[in-house]
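Chemist: Each chain, letter by letter, is given below.
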Amino acid sequence: MMDRYTKLQLVGIYAALAVFLTFILLPFFEMFMASLRPLEHLFRSPYQFWSDDFSLQAYKDMWVTVPLLGRYIFNSIFIATSVTVITMVFVVPAAYAYARLEFPFKNMSLAIFLGVNMFTGAVLLIPLYRVLRTMGLLNTYWAMIVPGVAFLIPTGIWLLRSYLEKIPRELEEAAFVDGASRMYTLRRVVLPLAVPGLIVVSVAVFIGAYAQQFLFAITFNQTRELQPLPAGLFEFIGYQSVTWNEMMAAALVGVLPVMLIFLFLQKYLVAGLTAGAVKE
Amino acid sequence: MATLNLNAINKSFGSAKVLHDISLAIEDKEFVVFVGPSGCGKSTLLRIIAGLEESTSGSIVIGGDDVSDAAPVDRGISMVFQSYALYPHLSVYENIAFPLRVQKMEKEEMDARVKRAAGILQLTEKLDLKPGQLSGGQRQRVAIGRSIVRNPKIFLFDEPLSNLDAALRGDMRVELSQLHSQLDATMVYVTHDQVEAMTMADRIVVLNGGQVEQFGTPMELYHHPASKFVAGFIGQPNMNFVPANVLDTSGALTVELDGGHKMTLPVDTTGVSKGDMVEVGIRPEHVKLAEDGLDITVNVLERLGGVSITYGTIGNGTRFCASLSGDAPIQQGKNMRLSVAPEDCHVFQSNGQVLRRKSAPALVA
Ligand SMILES: Nc1ncnc2c1ncn2[C@@H]1O[C@H](COP(=O)(O)OP(=O)(O)OP(=O)(O)O)[C@@H](O)[C@H]1O
Ligand SMILES: [Mg+2]
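Top line first, the protein sequences correspond to chains A and B. Per my numbering, the first sequence starts with residue 287, numbered consecutively. Per my numbering, the second sequence starts with residue 94, numbered consecutively.
Hints were generated in silico from the structure; no laboratory data involved. Cβ atoms here follow ideal geometry from the backbone N, Cα and C, with glycine treated the same way. A few of these clues could be false.
[What the hints assert, rightly or not] Restraint-style ranges between C-beta atoms, simulated for each label pair:
1) B:Asp204 - A:Arg468: 24 to 34 Å
2) B:Ser108 - A:Tyr470: 31 to 41 Å
3) A:Arg468 - B:Asp258: 30 to 40 Å
Given these sequences and hints, build the entire structure.
Modeler: Next comes the structure, spelled out in structure tokens:
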């Protein structure tokens with residue numbers, strides 16, 4: 287049933303939304319404004335909301351100040367994409383197993399996964415450093431990909447499992463009666479139906495990978511060419527001055543791909559997050 | 094040959110025993126209906142036959158081969174689910190072709206089979222649509238189509254019509270019966286609707302609490318119910334059960350019904366003695382208005398045109414339903430007298446077992 291709101295309730299709802307959005311979006315807005323200001327303007331007092339010398343100059347200069355900027359942006363996307371792909375390769379069969387199969391220690395192992403999820407990477411940085419050093423992975427892309435995958439698999443399993451559980455069991459039973467193997471059923475029946483769920487989980491993993499790479503990059507990687515953008519942004523902090531406007535410009539450009547993904551996949555995200563919430 | 098034999102099937106879920114020692118012998122090309130109240134184990138039994146569920150003990154023999162440990166597809170069965178279980182992302186064509194794709198059948202052969210099934214089920218126009226674009230009855234037909242392309246020996250149906258509205262259910266009932274004669278296959282059909290059972294079945298299995306109450310033709314069940322449960326389940330409106338006191342057991346059974354009316358009933362009296370309490374089963378359609386007989390208070394009167402159904406009480410408040418002619422001269426709230434032929438009565442012992450009727454209508458073969 288459709289809820290109907292009174293005028294007053296609507297005003298309240300929109301007011302609340304406005305406050306919420308302001309909090310969320312204000313930093314982005316300020317980043318954008320800062321990126322337009324000439325550097326000396328940034329420290330001028332009193333604060334000027336707008337002046338005539340605003341320009342997009344920073345978006346040009348940033349490539350010169352930090353010559354590897356393009357490489358950093360590529361690395362960021364490359365690392366996040368690799369993490370997403372590898373994570374999904376592990377998550378899909380695992381989530382299916384948790385959703386459908388019976389095996390010993392099923393609930394316990396699932397609880398352990400959730401437990402691991404509660405640790406942030408930060409707590410485990412030093413042991414991880416030793417592990418990666420032993421394996422000779424420090425200062426390679428793998429140093430940033432492997433821990434990323436490890437920390438995102440539990441989240442992925444939890445998200446996808448609950449999605450897969452909503453696919454009617456009878457569909458799989460019907461396929462089984464018709465002689466289809468588990469793998470065939472997974473490929474031809476379950477995964478096609480789980481596409482919205484797969485997209486939601488992939489996006490969640492991608493965003494997670496994008497966000498956490500900073501920590502792994504500054505700890506496990508010294509090679510400049512392999513740094514992702516969040517670590518690369520440090521180069522805007524020079525010995526004498528910090529080019530804030532260019533840093534903001536670069537950060538915005540770096541966030542752009544994530545925003546685009548969100549825009550394109552929005553309808554799946556909404557559908558996926560609410561799927562099964564209502565009886566159809 | 095697709096006979097189906099169940100030998101002493103037991104099934105427990107954990108400590109809950111759901112099926113008790115079920116043994117059935119189903120003939121080739123027979124249409125057998127499992128009927129029973131909700132939760133009596135119909136679906137479980139069907140899923141055991143299908144191979145979706147493993148029985149705790151007992152064996153399943155199809156066409157002479159023990160298939161107890163075989164995968165569903167190797168048993169030569171196919172199943173139609175209550176929810177249809179169509180693949181929403183595949184077209185009607187692909188849904189029907191699914192079992193053949195699994196087998197990696199050649200294209201022409203597959204195409205021919207799918208088209209033939211679609212022809213039988215009047216789905217030829219709909220092959221390119223998705224299940225979501227079909228009506229309930231069409232979806233049901235697609236589910237049936239998927240089950241027939243594989244030419245299975247035995248078809249299993251789990252309440253296939255329960256999601257349809259009453260009118261469509263009537264149509265599909267006829268279609269399914271036609272399909273049965275057309276395909277010449279053994280069919281096992283689960284329902285809790287006794288009308289479906291009576292109209293479609295060659296033989297009916299009445300299940301109650303995981304046990305077979307009776308296995309017989311619809312007319313056997315109607316005229317010779319083995320127990321009070323079967324008697325109450327088969328027939329519409331339901332049979333009336335009037336408590337009675339046994340007065341005499343010599344030759345026939347003489348009883349005094351609740352309300353004081355005395356009757357002598359031609360049943361086998363083995364196992365009952367004078368003074369026992371029994372229940373006399375009287376079908377609503379077997380009573381007539383009369384000068385003398387059962388004294389009924391009519392509480393509700395439903396005039397349906399052709400018949401009038403009355404709901405009332407007899408004696409100490411025992412409910413009694415009667416089906417009388419459309420213009421029967423009776424009124425709501427008034428009393429009426431009904432007579433019933435002694436040979437139309439059923440007698441049940443207190444444990445629910447029937448006393449065999451000596452003079453019952455000859456069985457329709
Ligand atoms: N997987 C299961 N685990 C535990 N108990 C089960 C399971 N499946 C069925 N049961 C129990 O077995 C009994 C029989 O179930 P079943 O589904 O066979 O009933 P049914 O006769 O098909 O009923 P309905 O007409 O409602 O479909 C029920 O009491 C049910 O609770
Ligand atoms: Mg059922």
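Chemist: Hints first: check each against the structure and report whether it holds.
Modeler: Checked hints:
no. : hint                            : verdict
1   : B:Asp204 - A:Arg468: 24 to 34 Å : holds, 28 Å
2   : B:Ser108 - A:Tyr470: 31 to 41 Å : holds, 36 Å
3   : A:Arg468 - B:Asp258: 30 to 40 Å : holds, 37 Å
Checked against the numbered hints listed earlier, the structure breaks none of them; every hint is satisfied.
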